[in-house]
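Participant: In terms of this note's numbering, the numbers along the sequence shown are unbroken and rise by one, the last being 117.
It is worth saying that the hints were derived from the structure and are not from the lab.
Watch out, some of these pointers could steer you wrong.
Heads up, simulated PhoX-like pairs for lysine-lysine below, C-alpha to C-alpha not over 20 Å straight-line [said to hold, decoys possible]: (1) K36 - K57; (2) K57 - K25; (3) K106 - K84; (4) K106 - K61; (5) K25 - K61; (6) K106 - K57; (7) K106 - K73; (8) K84 - K73; (9) K61 - K73; (10) K30 - K106; (11) K36 - K106; (12) K66 - K36; (13) K66 - K30; (14) K66 - K106; (15) K57 - K84; (16) K25 - K84; (17) K25 - K36.
Being a predicted model, the structure only gives us computed values, none of them experimental.
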Amino acid sequence: MELVCPKDGPIKTEADFKGHTLGVWFFGNEYPFYAWMNKLGLKTDGGKDGVTVLKQSFDVQPLIQKQADCISVMTYNEYWQLIDAGYKPEQLTVFNYSA
């Protein structure tokens, strides 16, 4: 599982997550994300000192529609949906949080 952000957006590193909205899958997929945020010391209930979690469908619309600053992707699915939507790999910052 990965979190992908456009390089022209506000998030360049994990330190930039504070105060931003991140798209996350639920149905059990949220637990690795929450563990990652806990490891980074970030709250997930919104606010300037944490992140706002947007419940994401299994597509890339929250990023395309600017509802989220970053979204969850799998390398075999949503990542390629972003490429099909016009993003180039060099335009994306990728954080692998399941490694």
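Participant: Each hint: holds or not?
Facilitator: Here is what the structure says about each hint:
Restraint check: the Cα-Cα separation between K36 and K57 comes to about 14 Å, which is no more than 20 Å; the hinted pair holds. With a CA separation close to 23 Å, the supplied pair K57 and K25 exceeds the 20 Å bound. With a C-alpha separation of about 17 Å, the suggested pair K106 and K84 falls inside the 20 Å cut-off, and the hint holds. As the CA atoms of K106 and K61 are separated by approximately 31 Å, the hinted pair breaks the 20 Å bound.
Note on K25 and K61: the hinted pairing is violated, with a Cα-Cα distance of about 24 Å set against a maximum of 20 Å. For the hint pairing K106 with K57, the CA-to-CA distance comes to about 30 Å; that exceeds 20 Å, so the pair is violated. Distance hint between K106 and K73 is unfulfilled; the C-alpha atoms sit about 25 Å from each other, more than 20 Å. Pair hint K84 plus K73 holds up; C-alpha atoms about 14 Å apart against a cutoff of 20 Å.
At most 20 Å may separate the alpha-carbon atoms for a hinted pair to count; K61 and K73 meet this at roughly 16 Å. For the hint linking K30 to K106, the alpha-carbon distance of about 16 Å falls within 20 Å, and the restraint holds. A hinted pair counts as satisfied when its Cα atoms are at most 20 Å apart, and K36 with K106 does not qualify at roughly 26 Å. For the proposed pair K66 and K36, the alpha carbon gap of about 6 Å is at most 20 Å, so the pair holds.
Distance check on the hinted pair: K66 and K30 sit about 17 Å apart at the alpha-carbon level, within 20 Å; holds. For the suggested pair K66 and K106, the alpha carbons sit about 30 Å apart, so the restraint of at most 20 Å is broken. The suggested pairing of K57 with K84 is violated, with an alpha-carbon distance near 27 Å, which exceeds 20 Å. Taking the CA atoms of K25 and K84, the gap is near 14 Å; set against the 20 Å cutoff, the hint holds.
Only pairs whose Cα atoms come within 20 Å are accepted, and K25 paired with K36 is accepted, the gap being roughly 16 Å.
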